[in-house]
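Protein chains in written order, with UniProt numbering: chain A, 1 to 136; chain B, 1 to 136.
Mixed in with the good hints there might be a few duds.
Where chains are identical, the list cannot tell them apart; a pair therefore holds if satisfied intra-copy or between any two copies.
In silico EDC-like pairs for lysine to aspartate or glutamate, Cα to Cα no more than 16 angstroms straight-line [claimed, not checked]:
1. LYS119 / ASP62
2. LYS119 / GLU107
3. LYS67 / GLU103
4. LYS119 / GLU33
Since the hints were derived computationally from the structure, they do not count as laboratory data.
Number of protein chains: 2
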Amino acid sequence: MDDATVTAPAPDEDIDLAYDVFARSCPSRHTLEHVTGRWGALTLGALSENTLRFNELRRRVDGVSEKMLSQTLHALERDGLVHREDRQTNPPRVEYRLTPLGESVAERLLSLIELIEGKMPEVLAAQHRYDGRRPA
Amino acid sequence: MDDATVTAPAPDEDIDLAYDVFARSCPSRHTLEHVTGRWGALTLGALSENTLRFNELRRRVDGVSEKMLSQTLHALERDGLVHREDRQTNPPRVEYRLTPLGESVAERLLSLIELIEGKMPEVLAAQHRYDGRRPA
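Based on the provided sequences and hints, a complete structural model is requested.
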């Protein structure tokens, strides 16, 4: 961490990184945003528990609007993370579930979510300290 | 997770599952958003490589504005994920680095980022299929 020498990375280090979220024009940055955006993360998390219908998802992802959930699902479906299954019944029944790729993404996302939930006492203590030492 | 041995949590801490990102009023949802928001994720990722000064960070997080980077750093510092070190030199030299908590968060985030970068060919193929089967 205290490496004073901020040089270019060794050439062989970054060599197989064809995609790089740090580069603003890289398409991987958009996918990262779909996955980690407020509603994207919660939608993937909810679907990792169950195949769900639209309204079930809406209840689970507390606070999401119909419009935002619909946009979120389209983006995740387009990225190949969510599969939309139209059961062609009457009344129509549409279900959403994770693809295998969506499952592996959700797994890493959930590991992050669980860490954050578990560390909230530490985070809240830090917020308390921070707010206490700054003028209002 | 359903541990029955929930006896005496420390007064200021809550039991493990007291925090739930799916609940809209849970403070963990805010922290998840700071960590996974567009600039939060890239800032944590950049700092996991090195201690950096503001302008170094700005260059690494390609596309971020001064204002957004500043807001992002404040939120991450307040959550106890980033430490801001003012070296009191002339000219002033302020450095940012991850706290131990920030390091463990960044580790899980990077594992997600690496997965996404590695799976981009699959994502782009899915996007191609999706765009092809929908009317323009």
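How the hints compare with the structure:
1. LYS119 / ASP62: neither (21 angstroms within a copy, 29 angstroms between copies)
2. LYS119 / GLU107: between (18 angstroms within a copy, 14 angstroms between copies)
3. LYS67 / GLU103: neither (24 angstroms within a copy, 35 angstroms between copies)
4. LYS119 / GLU33: Result: close only across copies, 15 angstroms inter versus 23 angstroms intra.
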